[in-house]
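As given, the protein sequences belong to chains A, B and C, one line each in that order.
FYI, the numbering for the first sequence is 6 to 294, going by this note's numbering.
FYI, the numbering for the second sequence is 674 to 1330, going by this note's numbering.
FYI, the numbering for the third sequence is 19 to 153, going by this note's numbering.
Do not take every clue at face value.
[To be verified] 16 Å max Cα-Cα, derived EDC-like pairs, lysine to aspartate or glutamate: (1) C/Lys138 x A/Asp221; (2) B/Lys1140 x A/Glu188; (3) B/Lys1140 x A/Glu278; (4) B/Lys1140 x B/Glu1158.
[Stated by the list, open to error] Selected chain C positions facing chain A (in silico; Cβ < 8 Å): (5) Ala85; (6) Val90; (7) Cys94; (8) Val95; (9) Ala99; (10) Ser109; (11) Gln118; (12) Ile131; (13) Pro134; (14) Gly147; (15) Arg149; (16) Phe151.
Simulated from the structure, these hints should not be mistaken for laboratory data.
Since we're looking at a predicted model, the values are computed, not measured.
The beta carbon of each residue, even a glycine, is placed where N, CA and C say it ideally should be.
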Amino acid sequence: MKIPYYPGCTLNTVSKGFDLSARASARSVGFEMEELAQWNCCGATFPLSPDNLIALSAPAKVLANARKGGEELTTLCSVCYNVLKRTNAVMKGDKEKRSVINGFINEEYDGSLSIIHYLEILRDKVGFDKVKAAVKKPLTGLKTGAYYGCMLLRPFEDRGIDDSERPVIFEDMLKAVGAEPVEFPNKIECCGAHLAMSNTGLVTKLSGNVMTSAADNGAEIIVTSCPLCQYNLEQSQTALASATGDYKPMPIIYFTQLLGLALGQPVETLGFEKNVWDAMPLLKKKGLA
Amino acid sequence: MPRIGVFVCQCGNNIAATVDTKKVAEEMLKLPGVVYTCDYKFMCSSPGQEMLKQTIKDNKLDSIIVAACSPHMHEKTFRKAGEAAGLNPYRVEITNIREQCSWVHHDKTRAVGTVKSTDLTRMTLERLKRNQPLNKIKIPIKKRALVIGGGIAGIQAALDIAEGGIEVVLVEREPSIGGNMARLSETFPTMDCSQCILTPKMVEAELNENIKLYTYSEVEKVDGYIGNFTVQIRKKARYVDEDRCTGCGECIEKCPFNAESKFELGLAKRKIIYTPFPQSVPNIPVIDAPNCPKIQKDKCGACAVVCGPKCIDFKQEDKIVTEEFGAIIVATGYDLMPNERFGEYGYGRIKDVINGMQFERLASSSGPTGGEIRRPSDGKVPQSIVFIQCVGSRDEQKGVSYCSKVCCMYTAKHTMLYNHKVHGGKSYVFYMDIRCAGKRYEEFVRRAIEHDGAMYLRGRVSRVYEKDGRIIVQGADTLSNSQVEIEADMVVMATALVSRPGADSLAQKLGIGYDKYKFYNEYHPKLRPVETVTAGIFLAGTCMGPMDIPDSVAQGSATASKVLALFSANEMTREPITALVNKVTCNACWDCVTACPYSAIERDAVKNRQGEVVRLLAKVNEGVCQGCGVCVAACRSKSIDLKGYTDEQVFAALAAF
Amino acid sequence: MKIRLSGADIDGPRVKHIERVTGEDLKHCYQCGKCSAGCPVSYLMEVPPSRVMRLLQLGRVDDVEAANTMWVCVGCVQCYARCPKGCSVASVLEGMRQIQLRKGTGPTLIKDIPIPFLRKAPQQALVCGFRKFVG
Ligand SMILES: Cc1cc2nc3c(=O)[nH]c(=O)nc-3n(C[C@H](O)[C@H](O)[C@H](O)COP(=O)(O)OP(=O)(O)OC[C@H]3O[C@@H](n4cnc5c(N)ncnc54)[C@H](O)[C@@H]3O)c2cc1C
Ligand code: SF4
Ligand code: SF4
Ligand code: SF4
Ligand code: SF4
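From just these sequences and the hints, can you work out the full model?
Rendered as structure tokens:
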């Protein structure tokens, strides 16, 4: 099974580990991610004001290019997923906008692509039982908090990857690889997102809430599927640690890195060295690395 | 040669201002068949009617036209007058020269109005000449009533009808009558105990010799029409012989297995052989077959062993009984919207998030906690409770757009009950508006706030989650313009009242209408609030939409009075304007059957002397036909005519224009 | 606070402009407060989400523009996801930001962005942040 793949700008650079571990894991469970021959940045934000058509032109271009090579498109980053999926809905459902945008990007794209997140492939196409069967190193006893953030789930009109109020897809994946998912209320609350650029204080607060909520419920490690979430959560821990003496920072990694580990990929290929909060001591302690 | 009279009314100046009535009369007299005409100031006045009668007699008229106002106004008046003078009432026709002529023309010279009035009257004349005398249809009435649904509305209807000396069959789906009211603890605004006011009525319904109860039963099929319904009722297998069971309860005691109690809404278990609640009427247990090991795999059978009168019958099957009725009352009530729909409120994940009806069970002295407010999770007494109103109601996105009407009141009631039962407990209520417009209702809510310590917060709740064993409720109070966070031990959601699952299929069986929420439609929301478009079928209670007990009871009584009025005569008379099939030309294509909106056309078999079917024919049931004429238009072989408006009459009228 | 209301403000061109840019019908909001209840930054906003809707219903565009609200909103869409009336405060605030940015009056200048952040941050943060804040 070959599935066309859109990496997006961040996965090609600062989050290379996310990309590499995902590709390798895909191979171990029986599918191939085929990077689009030509792609551009999706714009990293879906315009919430409906008159802002120009902001749709970049993601529409991505979609138009992808459609030339297939009927589906997968991606890893939550933001890319949200932007592409919602743009696709506009291209499919809004004739007038479609015509203006197609004119602008000089394409004829009709919204016929289906956008699927990597997690959805694992759940719906591969099946979590097959993932489970492929596990070489079960992550037994690893208390893992799955952080969904906003963009995988909201808004519900375009139905994200799961129920927006009580999603389980991440936890199901964690169970499949033998880890112990930790339920924490803030798993669907915002990390502060792009306010990282203009209002670090606020981001520290929001991401800090996420981290304390996860820690209070016993998480030892966090997995995410968004480089911006990952960055914000990591940053917030410095402030948290200095503000409260008893807070212990924990590693924040991409879910594919954990998946890759369980599927038996060598730990050095998974890109853990890029993390601010090193995962190795924990993995070693648990006998996983 | 016919002897026709034409009476042209001036209606004071209403007609005369733009129609020269005298001229119309003169013109009409010139036409063949017309032997008498006149115009008159007010035909509908007593002297006018007297004049009409006298003239008919004096001139030996055999039919008349009154050119006056709309037939909706005085057709009845003039037909009566004609009848009094010896005419068949259907030989009296009205030409509408007021609404359809004088009122829409303003030509003061009266030229237009006069010509048009004459044209219209001439058209009526041609139709009238071809009129057959018709006779009112008389239908016998089967004086028995069916009530579907044994909640408070249905019970009230049955009792009132029985009181009037009429036999009633009350069909209830569950093993006991009582409906939702049987679940309630105390009732607003007077706070009487629900069981205490309901059970006497339930027992009365059981003992009244005019009432026959079919519990654990459902309506399977409905045929016929007002006065003459034939209904099939499915009596589901109880596995207990109703006639012999003494209600001793030995079987329940000895049954070794449990299952979730539907009546207690997941808060308690009951035995496999059970009655839903202690005061059930009838007090005859049923066996929950899917969960019974004896029925499923022939293991156990303890109940049969202990039953003295030997009434347990594991082989019992559903029974279909057929009964006849003259009228049907539908009182099938409401359900609550499934809590699961509200993920943000933690339902399903957090055990101590419950709905209002579950709270009623906790507060009820016959409930699973004996009336003590205890959390479902660990049985602890909650020190603070958050009540969330409008859950699913007034929510276009995830619920329904309407207001459920009773939850503002019952939430106030809940805070009072809680305050009375748990001293020092704190209640919070998130509301958007407080809707309590009934008699003594506003005072009731104020009492909850001012005397019973309920903290009302104006805003919705966004999220409910658990933290360190407590429930965190995150809401807003728009009056203080702030986000609010409350640590609570329990959350009670006032979920929307919705129609019963399957309400639509029952409506289809009955031929009554329902709205997009599957609540049944009344004939007219203001003036005919308990009737349906189908004559002889009436509605009571919450099957029509959310309402409280006083309203449900009032409607139950209202339907009873409708039924008693209907049954006060031995026969019903109906207008004879019905469709008639030409037996020679009908080729049984059944287009009319499909077209008829009232299902009034049947497929009739014509048999020879040997009793063999020789051909099929459409046959109009006069009891059901409303005279709408749709079948006439649908029939391709022109085999249907509407009496009083036959094709011949209509074409003749048009040709006369 | 005392507000003088006038039809000219309530149905005025500024409100209409906001409705046009944001695609939202402000009248739909029935002030239940669920958005303010769930917004993760509502308590840091000078005017919380539901009050934004109320002030705009009253034609008080200046009051909303003067507040920090639109620059504090993180665009998490929680308000819209849970609004029982299907209103999107997220879109209203985005539209109001757009109206500022299109005039070139955004609150953030590129030169103000700290260098260490530019070095470390994921690209998507920059792209998105520029779109939301830089005029
Ligand atoms: C939590 C809560 C608290 C309340 N508290 C109060 C209060 O304090 N005071 C007050 O005035 N009101 C109160 N109410 C409202 C009250 O419950 C209703 O007004 C009342 O019960 C309506 O009665 P009903 O007969 O219309 O319907 P139901 O009580 O629903 O009865 C309908 C009956 O029909 C049966 N049925 C359904 N379908 C079929 C079928 N197809 N065939 C045969 N039978 C069928 C059902 O089994 C049921 O027995 C409360 C409501 C709620 C939700
Ligand atoms: S057979 Fe057994 S389980 Fe079934 S009802 Fe009787 S006692 Fe209960
Ligand atoms: S009665 Fe009150 S709580 Fe119930 S839906 Fe209406 S306003 Fe909301
Ligand atoms: S949630 Fe929606 S309806 Fe409620 S206050 Fe906010 S915008 Fe208005
Ligand atoms: S989108 Fe903005 S206003 Fe809406 S909930 Fe998120 S931060 Fe609050």
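Hints, verified against the model:
no.: 1; hint: C/Lys138 x A/Asp221; in the structure: violated, 29 Å
no.: 2; hint: B/Lys1140 x A/Glu188; in the structure: holds, 11 Å
no.: 3; hint: B/Lys1140 x A/Glu278; in the structure: violated, 34 Å
no.: 4; hint: B/Lys1140 x B/Glu1158; in the structure: holds, 12 Å
no.: 5; hint: Ala85; in the structure: violated, 15 Å
no.: 6; hint: Val90; in the structure: holds, 7 Å
no.: 7; hint: Cys94; in the structure: holds, 4 Å
no.: 8; hint: Val95; in the structure: holds, 4 Å
no.: 9; hint: Ala99; in the structure: holds, 4 Å
no.: 10; hint: Ser109; in the structure: holds, 4 Å
no.: 11; hint: Gln118; in the structure: violated, 12 Å
no.: 12; hint: Ile131; in the structure: holds, 6 Å
no.: 13; hint: Pro134; in the structure: violated, 11 Å
no.: 14; hint: Gly147; in the structure: holds, 3 Å
no.: 15; hint: Arg149; in the structure: holds, 5 Å
no.: 16; hint: Phe151; in the structure: holds, 6 Å
Taken one by one, the earlier hints fail for this structure at numbers 1, 3, 5, 11, 13, listed in ascending order.
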